[in-house]
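Assemble the complex: chain A is given as a structure, and chain B must be docked to it using the hints.
Protein chains in written order, with the numbering used here: chain A, 1 to 172; chain B, 1001 to 1172.
The hints are simulated quantities; they were obtained by calculation from the structure and are not laboratory data. It is possible that some hints are incorrect.
[What the hints assert, rightly or not] Which bits of chain B does chain A cover? Going by a derived footprint, with three or more residues having C-beta under 8 Å, they are:
| no. | stretch |
| --- | --- |
| 1 | 1089-1097 |
| 2 | 1107-1115 |
| 3 | 1122-1130 |
We treat Cβ as the ideally placed atom computed from N, Cα and C, and that holds for glycine.
2 protein chains.
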Amino acid sequence: MQRIAIDMDDVLADATGRFIEYVYQRHGVTVARDELRTGLEQKAGVPYSQVREWLYEDGFFRGMAVIPGSQDVVARLMQKYEVFIVSAAIEFPQSLREKVEWLAEHFPFINWKHIVLCGHKYMIQADYLIDDHEKNLAAFPGKPVVYTAPHNVHLTAYTRVNNWAEVAELFL
Amino acid sequence: MQRIAIDMDDVLADATGRFIEYVYQRHGVTVARDELRTGLEQKAGVPYSQVREWLYEDGFFRGMAVIPGSQDVVARLMQKYEVFIVSAAIEFPQSLREKVEWLAEHFPFINWKHIVLCGHKYMIQADYLIDDHEKNLAAFPGKPVVYTAPHNVHLTAYTRVNNWAEVAELFL
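So here's chain A without its partners, still in its complex pose (with noise of 0.2 Å):
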């Protein structure tokens, strides 16, 4: 059975929405999802080095929304393939649980045992990672994948996905 592994903000959980929902919240100012690394600092007068501080914020990761389609294309691939759900989160202590218990909200098919929180993720061992990061595709030894979202709409080297309906396509 090959594995796949998949990232969770950005791909499973809604964190481009949750920094607009706080940023209007916050500073009264809607911005665009294309808007929030690049038009921020001008329309609300944030930098983007502030946003970059909720993610320390206890609430933060666990007010998540889930990302349309992604409970119902995870579960059927769970059917044909080992899935993995595997985030970057170390560098948020506050999160790691938050993280725990957002997939046992949104996602109560995947078991504990198959959830792994880690800094890096080249030493995951995967056919496939559906990531928005650079980072962690670039370094991936197996087969990556990008998960589309603003801050990565430049890359042009990696497959692409741009909702849950194209993985559904892509590996169904």
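Same frame as chain A, now just chain B:
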């Protein structure tokens, strides 16, 4: 550079000693290391299944003592090997932050990028695994090394180390 994966409980952190400490605090009975699983019910009227519940308590992991010699030898291993700390901890969500904080306190020279908290360990790609649990050693695709603990003294199929001086002898 070869890669060594090192377990935490009963390899870096004295989990057995922590159980013994709790048995004494809560039941007023002193048990020896090799009595924890076998003599505990007889001596203290405490079934081992009850002891296992302490694994879900706040502070159990955070308060473990460091196994003697491990800090010095891990620091020396890191000069010759790529070292990852790999702990099967997802089953205990409250332990995750505690484990990262414990490592930051006692092994501050280990970068968070080299910490992995997981369920299974068999998808970790490494040349060596130093671990006390047969389930991890048996499934590991690299070379397994058993670190002696009361619950693994019967194993004969693995290279064995009894303390950190023997780890240094084997790898340095």
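**Asked** So which of those numbered hints doesn't the model satisfy?
**Response** none
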